[in-house]
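Novice: Between the sequences and the hints, there should be enough to build the whole structure, so can you do that?
Residue strings, one per chain:
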Amino acid sequence: MQKQRLNPEELLPLTPSVFHILLALSDGDLHGYGIMQEVAEHTDGQIRLGPGTLYGAIKRLLGSGLIVEADERPDPELDDERRRYYRLTDYGRQVLKAEVQRISKMVSVAQRKKLTPKQT
Amino acid sequence: MLLSKRLFQLMLLAYPREFRLEYGPDMAQVFCDCYRETQSQGFVTSTTFWLRTICDVIRTAPLERLDTLGRDSAMKNLKANVIGLLACLVVIVVAFLLLGYGRRHEVASILLFGHALDAIVTAGIISNLIIFPLVMATRLSPFWTALWSLVIVNGALLLMAILIGSRVDPQFSFSRVSIGYVVSFILWLGIHWIWSQTKNTTEPVA
Chain A
3 MQKQRLNPEE LLPLTPSVFH ILLALSDGDL HGYGIMQEVA EHTDGQIRLG
53 PGTLYGAIKR LLGSGLIVEA DERPDPELDD ERRRYYRLTD YGRQVLKAEV
103 QRISKMVSVA QRKKLTPKQT
Chain B
352 MLLSKRLFQL MLLAYPREFR LEYGPDMAQV FCDCYRETQS QGFVTSTTFW
402 LRTICDVIRT APLERLDTLG RDSAMKNLKA NVIGLLACLV VIVVAFLLLG
452 YGRRHEVASI LLFGHALDAI VTAGIISNLI IFPLVMATRL SPFWTALWSL
502 VIVNGALLLM AILIGSRVDP QFSFSRVSIG YVVSFILWLG IHWIWSQTKN
552 TTEPVA
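Sequences listed follow chains A and B, in order.
My numbering puts the first residue of the first sequence at 3, with every later residue one more than the last.
My numbering puts the first residue of the second sequence at 352, with every later residue one more than the last.
Simulated pairs of lysine-lysine, DSBU-like, Cα-Cα distance not exceeding 35 Å:
hint	chain 1	residue 1	chain 2	residue 2
1	B	Lys430	A	Lys61
2	A	Lys115	A	Lys99
3	A	Lys61	B	Lys356
4	A	Lys116	A	Lys99
Stretch by stretch, here's where chain A covers chain B in the computed footprint (C-beta under 8 Å, at least three residues):
hint	segment
5	362 to 374
6	397 to 411
Here are the simulated distance ranges between beta carbons:
hint	chain 1	residue 1	chain 2	residue 2	range
7	B	Leu364	A	Arg84	18 to 24 Å
8	A	Val102	B	Arg357	38 to 44 Å
9	B	Cys406	A	Glu83	27 to 33 Å
10	B	Thr396	A	Gln96	37 to 43 Å
11	B	Ala438	A	Arg95	44 to 50 Å
12	B	Leu417	A	Lys115	35 to 41 Å
13	A	Ser110	B	Pro413	36 to 42 Å
14	A	Arg95	B	Val433	41 to 47 Å
Hints listed in this document are in silico derivations from the structure and should not be mistaken for laboratory results.
Backbone N, C-alpha and C define an ideal beta-carbon position, used for all residues, glycine too.
Specialist: So, in structure tokens, the structure goes:
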């Protein structure tokens, strides 16, 4: 039975780890380790997901339909074929966009209050 | 590397079985990838990596356990079971008190239903002592377990009442006793039907 999906705004705010996982998957399919590397790179190493945090979040994201397991596997010569790749769904992208919009609003409020760091 | 992997696999035992079966191999693979990466970066990085991994397990394993418990139908049904058990106890106690009051004060309107109240108390105690443990300990359907238990218990009690009561009590009325057990059967079946409906609606949606 198709699970009824919530309005993207109802899932906000996302936790930092979920937000960064969705952000990492926005460029294309990635496996667990790939997501970890992408998140560490995005955040200049400030967020390093542990295996438990990563797969706990993946489990919940799969459950709520924000990501799916990708059917296509890369060439076995290029990567370990046992790895599972994950893909952002259209619904996941909507939720991610809604979160980015929410953060942008907060940043513009901070800008109005002159709280953002000065551009060099 | 092998020893570290084995150690991490041991740490995975902290997670619920269901989660471990689904994501354990992936987690071990990710751990090995990260471990390989830190190996070339010296002792401090390696130690930090281990500390971070241990903290991650300590932080996430209880969350996954709680999540599994939350989805466990037995736990979800606990509330329904307690409510059902309490409802049955209340019915038995009320019927017992009514019967006692009616007999002491010879209240005709209560005594009119004496046989039914008697059957409700006796059949209620015996059948609920069978139904609740059976349903809670097994995966049997609550409604069908209740139905068959009530048929057997009410039938057996009616048979005993006919065999013993007709010999001991000269005023024994077969029809009244039978109606009493039929009323008891319908009442208890109704209560157990409501209970089974409550249990079904508390099953996980996903």
